[in-house]
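*Asks:* Here is what each chain is made of, one letter per residue.
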Amino acid sequence: MAMMTYLEAIRKGIEEEMARDEKVVIFGEDVGGVKGGVFGVTQGLAEKFGDDRCFNTPLTEGLIGGLAVGLGVTGYRAIGEFQFADYILPAVNQLISEASRMRYRTKGDWIAPIVYRAPYGGGVRGGLYHSQSTEKVLFGQPGLRIVTPSSPHDAKGLIKAAIRSDDPVLFYEHKRLYRLLKEDVSDEDYVVPLDKANVVREGDDITVIGYGMVLNHALKAAETLSKEGYEAEVVDVRSLYPLDKETLVKAAKKTGKVLLVTEDNLEGSIMSEISAIIAEDALFDLDAPIKRLAGPDSPSMPYSIALEREFLVDEEKVLNAMRELAEF
Amino acid sequence: MAMMTYLEAIRKGIEEEMARDEKVVIFGEDVGGVKGGVFGVTQGLAEKFGDDRCFNTPLTEGLIGGLAVGLGVTGYRAIGEFQFADYILPAVNQLISEASRMRYRTKGDWIAPIVYRAPYGGGVRGGLYHSQSTEKVLFGQPGLRIVTPSSPHDAKGLIKAAIRSDDPVLFYEHKRLYRLLKEDVSDEDYVVPLDKANVVREGDDITVIGYGMVLNHALKAAETLSKEGYEAEVVDVRSLYPLDKETLVKAAKKTGKVLLVTEDNLEGSIMSEISAIIAEDALFDLDAPIKRLAGPDSPSMPYSIALEREFLVDEEKVLNAMRELAEF
Amino acid sequence: MKKLKESGLTKEELIQAYKHVLLGRRLDERLWQLTRIGKTSFNISGQGHEVGQVAMAMAFQPEKDYFLPYYRDMTACMVWGMTAKDIMLGSLGKEDDPSSHGRQMPNHYGSKEHNIVSHSSTVSTQFPLATGVAYAAQLKKSDYVTLTATGEGSANQGEVQEAMNFAGVKKLPLIFVVENNGYAISVGTDEQYANETMAERGPAYGFPGIRVNGNDFAETYLAFKQVVEEARKGNGPALIELMVTRLTSHSADDDHSVYRTKEDLENMKKNDGLLLFEKQLIDEGYMTREEMTDIDAELKKEINKATDEAEAMPEPTADTILDQIYAD
Amino acid sequence: MKKLKESGLTKEELIQAYKHVLLGRRLDERLWQLTRIGKTSFNISGQGHEVGQVAMAMAFQPEKDYFLPYYRDMTACMVWGMTAKDIMLGSLGKEDDPSSHGRQMPNHYGSKEHNIVSHSSTVSTQFPLATGVAYAAQLKKSDYVTLTATGEGSANQGEVQEAMNFAGVKKLPLIFVVENNGYAISVGTDEQYANETMAERGPAYGFPGIRVNGNDFAETYLAFKQVVEEARKGNGPALIELMVTRLTSHSADDDHSVYRTKEDLENMKKNDGLLLFEKQLIDEGYMTREEMTDIDAELKKEINKATDEAEAMPEPTADTILDQIYAD
Ligand SMILES: Cc1ncc(C[n+]2csc(CCOP(=O)(O)OP(=O)(O)O)c2C)c(N)n1
Ligand SMILES: Cc1ncc(C[n+]2csc(CCOP(=O)(O)OP(=O)(O)O)c2C)c(N)n1
Ligand SMILES: [Mg+2]
Ligand SMILES: [Mg+2]
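Residue numbers (our numbering), protein chains in the order written: chain A, 7 to 334; chain B, 7 to 334; chain C, 164 to 491; chain D, 164 to 491.
No lab work stands behind these hints: they were computed from the structure.
Keep in mind that this is a model prediction, so the values were computed, not measured.
Heads up, some of the hints might be wrong.
[Stated by the list, open to error] No farther apart than 27 Å at their CA atoms in a straight line, the calculated lysine-lysine pairs in the DSS-like style are these:
| # | chain 1 | residue 1 | chain 2 | residue 2 |
| --- | --- | --- | --- | --- |
| 1 | A | Lys113 | C | Lys257 |
| 2 | C | Lys182 | C | Lys275 |
| 3 | D | Lys303 | A | Lys323 |
| 4 | B | Lys113 | D | Lys202 |
| 5 | A | Lys226 | A | Lys323 |
| 6 | D | Lys388 | D | Lys166 |
| 7 | B | Lys259 | A | Lys259 |
| 8 | A | Lys251 | B | Lys54 |
| 9 | C | Lys442 | A | Lys29 |
| 10 | A | Lys113 | C | Lys442 |
| 11 | B | Lys113 | D | Lys166 |
| 12 | D | Lys275 | B | Lys113 |
| 13 | B | Lys233 | B | Lys259 |
| 14 | D | Lys334 | B | Lys18 |
| 15 | B | Lys54 | C | Lys275 |
| 16 | C | Lys432 | C | Lys168 |
| 17 | C | Lys166 | A | Lys113 |
| 18 | C | Lys166 | C | Lys425 |
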């Protein structure tokens, strides 16, 4: 056991896997050398595993996307870093047309075992292009997995599972959680499954479903609400695609009152899919409309502080929505 | 009035707008010269309006995306064609980062009045990369509009409205409808609004919501069902983003039984957003779970005929789902 | 034109080359027939590319080198090890098709057995992939060389630059090929690029770029031989622009008489590489006309057999649609 | 180094140039101060690029020419017409910020009034846009020239190739600039590209490519003057590689002492273009040290005033978050 931030836990997971399997390689912009990433996730890896296995790419995301697939088909386990989740966009073609379809289009003859890492999320004064939740752009592409951890424990176990997986996995890291969260993380060689949502708090009155920063808001708000006499079941989606329908539907049915929270825009977010699943499978168990709490439908969040705050779903907004639903 | 296919109606709309406004220009791969597009939509336009206003681009979709934005900021109304909706993927960065955000990020100082056209949809033995419904990839990007006509009448009016709009509009054309649909289309200078869904058939028993090829299946199935004593309200979504929530919710409330049909994969499709909206705004008016009928969650549709058929939502599948819901 | 003798190849090797060229031609002719009578729904052909492709592929060691082809590379794929029956299985969309098991359209080649990596329809996505395959050779300290090809229109895709740039930086053992047939569907080279040759792009990324006449067997073979040797020794990549002719329409969906003049089409036929190659073989005394006729007859039998056998094979069944989306 | 006299500029013009250079330096120093004390949250600076940028921009006619800059182009934007206050409004995220009205991060320049087209943070997306702006000049039969710039790392993006390729084909009146400061955050040019110069990429797309020493005012000015003249006459685009120095860390979020040696950093300071330019101006008798000191004092006042005025301006308010997403 050691106290670790979310960021350190990701690094630890990568380090353990690189030590365990020499087929694991990692690359991206500023990922190699002494810099080790603009957030420092890959610090020390080049020194430890050599410049061949941890290296800088030129500033070209399409290349990062495709390089990983080429390494995958030849038996390597590539970890490609996109410096910000916003900069996945130049690589969308490679991710959708190549990585996510390699296995299917050859019926398993060729596979693409890859982890694409990307820091996402706002609240860092990053403006329109350093704050986005771009997971919805890649959501719903069968063949590709999307996961994101919301705690240091999960961060380590989930990155390890992603690296070992024979599927291409898009691994989202919330950049505000990098240094915000710290907890004891086991030194053991554990993995967290790529296809399971996680009930992080039990309760009978309302069900709150989220991931990332807003999940942490929900957990805090649940404690406040508890003092007011309401107990919230809180679920970390974790496997953003494919979704763990079973756990999500079960949690929805348990309380009959569902609040879906995301930092993304309201429309087109992953919460909309979760809502549709619940509306299909649990409609008659519901005691209230399925409520979504999300950013407004504006193009990501502006730089100006008032606008950024207005965009972000904060703890207070989550608490208010939870209370309203509990009292419904 | 003249009998026109869906394809001819689109061409007519473009032609009228190019004649009306010399700022309208059109380009793409094989769009210029005598070929006039691989489906022939732009045939005759180069001859009529000159090679400056109707021209070929090199085989580069990122360029097509950005060229349109640059023309937009300088006062032109660009129509950029993507040869297949599958090949929007290399241009996603330009569409999301540039076209959809130009107005917002300058608070209206610079705008990008653009139409991006793209033939989408399957059932043409196009395999994994000539059959896709890629609209979900661009869905939920505020600043961008996505529309698609499902009849020749709408095709002409909608493309005209898209060209006149000061917003970037992604205009999806179902490639199977190009020559399948034929109807009398007015010679008048009419437009079809970009932000309105369309109730194409009235009924009291169930509500079916769709667009494109599957909407035509639903209309036929509705006639069959009518003979069985059930009347379906059929709604053409038409404005895929932003959605016309009012019309959609009203139609859902009217019958309390909702079937959402799409040719896309089940998960992450636009129907999931519509379901979420209905679950939020009309839950207590529902008499049955909100049902989605869609393609399976496999990566687009394979080439082999049995697999293509298995993937596609056809008239029979729609009819069965409608009947089941009516009898619920 | 260089004399065949200058290639340094033995008589047997040259006769083998001729067999490959003729097989490519005859098999493609059969595929057109099958398309016309509706037994397959599509064909896109390499007629006019065959001599260049055979000369190119013979400079490699297919038993260990990797190939990431594009849709006109049928003949090269057969030099690499695929059989006429393999190709036929793909065109007929059969379960045993080694390229995609009936999931992709015809002419999307791949074979795990022969190190031919599957490609998509989205042009040039194989270029970034090829860098990964080539980088794996460096990691493995293996001396295999990777070959990837695309058309001269497709070579303008941004991903091609990104791949060439990275290959230059890492001195990858990777040969890039642009098969320049003067047309991208209907668009001529004057509308695709402005520089004299595509080959010039090699030096712009720090490695040799050579234009060769793909109808000149010896010139082509020698050029490839040299760059492959350099790559194998660790001296980095090269770009070869292979000047070829597109003797047919772009594909079964196109009619080139619409955008090319009669004279143009007639002249082209005079430049048929197959005829020139035959003339050289006879003039230099390697073969007689009768020997060629015999080979033709033999190949006809081989193709008949391949057709019959492939036709008798089963197609994928509907219940396999969800197979091999994810690893188990 | 060329003598300033060779530039053909008058004494007044050279003094004006000096004022621009010094304003760029002093204003940026102020922005770093504001960042350090927390009045603005971010800065990314053009220190070491100023002389080159002024020489570049002075070769254009800002009252009619268009500019699509990148984040280090503050000094060039001021030659184009933006004021210190305009810049300050952007860095402080104020409502009247002409670049984005407080919606983008600092250093994302734009001004409708001065034909400076807004850019995103996603590097090099402005290159395809610039082709549209330049194509509009051809359509309008106007003789304005368009300028766009990016860094040497960012110049590897695929979209850059696609834009240059199209500009070559259409002979657009468009000048592409790569400001080569040797680093892309921590990544040196040896890991970004393999060719000798970036300039070589011009000829690969059919137009001139010239590398100039951005610390050499006259050389830079004359090179731009010539290519701008050619472009204005309709003779097509050019690529200029401007060799400059990044005197600071990449941005306020970076610390270059981590990845650069002490000697490297010290040597670099000796090559400060500002000092070299001052020496030239004095040596050639255009200015005295006192005159420079006076200008410095004047600029300080101007910057103080700009800071005070900008600080007093209102920030965007939360209720504007949904403004200007779509046209009304
Ligand atoms: C990204 C993408 N855009 C468009 C297409 C449609 N398309 C298929 S082949 C082709 C022309 C290719 O021309 P070229 O590269 O010269 O190759 P050739 O067919 O002549 O061998 C086009 C436009 C595609 N498959 N992928
Ligand atoms: C598409 C994209 N990828 C990554 C980034 C993150 N990023 C911002 S600046 C930068 C380095 C740019 O280096 P260079 O092009 O040399 O310009 P310089 O900053 O040196 O002027 C990177 C990687 C980005 N903004 N956009
Ligand atoms: Mg071609
Ligand atoms: Mg740089």
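*Asks:* A separate judgement is required for each hint: does it hold in the structure or not?
*Replies:* Each hint tested on the structure:
Between the alpha carbons of Lys113 of chain A and Lys257 of chain C the distance comes to roughly 12 Å, so the proposed pair stays at or under 27 Å and holds. Of the pairs offered as hints, the one joining Lys182 of chain C and Lys275 of chain C holds, with about 24 Å between alpha carbons and a cut-off of 27 Å not exceeded. A C-alpha spacing of about 51 Å is found between Lys303 of chain D and Lys323 of chain A, which places the hinted pair above 27 Å, so the restraint is violated. Between Lys113 of chain B and Lys202 of chain D, the direct Cα distance comes to roughly 23 Å. Compliance with the 27 Å bound is thereby established for this hinted pair.
Our distance criterion of 27 Å between C-alpha atoms is met by Lys226 of chain A and Lys323 of chain A, whose separation comes to about 12 Å. Between the alpha carbons of Lys388 of chain D and Lys166 of chain D the distance comes to roughly 16 Å, so the proposed pair stays at or under 27 Å and holds. Under the criterion of a C-alpha separation no larger than 27 Å, the hint pairing Lys259 of chain B with Lys259 of chain A is consistent with the structure, at around 23 Å. For the suggested pair Lys251 of chain A and Lys54 of chain B, the alpha carbons sit about 55 Å apart, so the restraint of at most 27 Å is broken.
A hinted pair counts as satisfied when its Cα atoms are at most 27 Å apart, and Lys442 of chain C with Lys29 of chain A does not qualify at roughly 51 Å. Among the hinted pairs, Lys113 of chain A with Lys442 of chain C is inconsistent with the structure: their alpha-carbon atoms are about 44 Å apart, more than 27 Å. A hinted pair counts as satisfied when its Cα atoms are at most 27 Å apart, and Lys113 of chain B with Lys166 of chain D does not qualify at roughly 45 Å. In summary, the hint linking Lys275 of chain D to Lys113 of chain B is supported, as the alpha carbons are separated by about 11 Å, within the 27 Å threshold.
Only pairs whose Cα atoms come within 27 Å are accepted, and Lys233 of chain B paired with Lys259 of chain B is accepted, the gap being roughly 24 Å. At most 27 Å may separate the alpha-carbon atoms for a hinted pair to count; Lys334 of chain D and Lys18 of chain B exceed this at roughly 31 Å. The straight-line distance between the Cα atoms of Lys54 of chain B and Lys275 of chain C is roughly 51 Å, outside the 27 Å bound, and the hint therefore fails. Between Lys432 of chain C and Lys168 of chain C the CA atoms are separated by roughly 25 Å; this keeps the pair inside 27 Å, and the hint holds.
For the given pair, Lys166 of chain C sits about 45 Å from Lys113 of chain A by alpha-carbon distance, which is inconsistent with the 27 Å threshold. Proximity of Lys166 of chain C to Lys425 of chain C is assessed by CA-CA distance (about 32 Å); at most 27 Å being required, the pair is judged violated.
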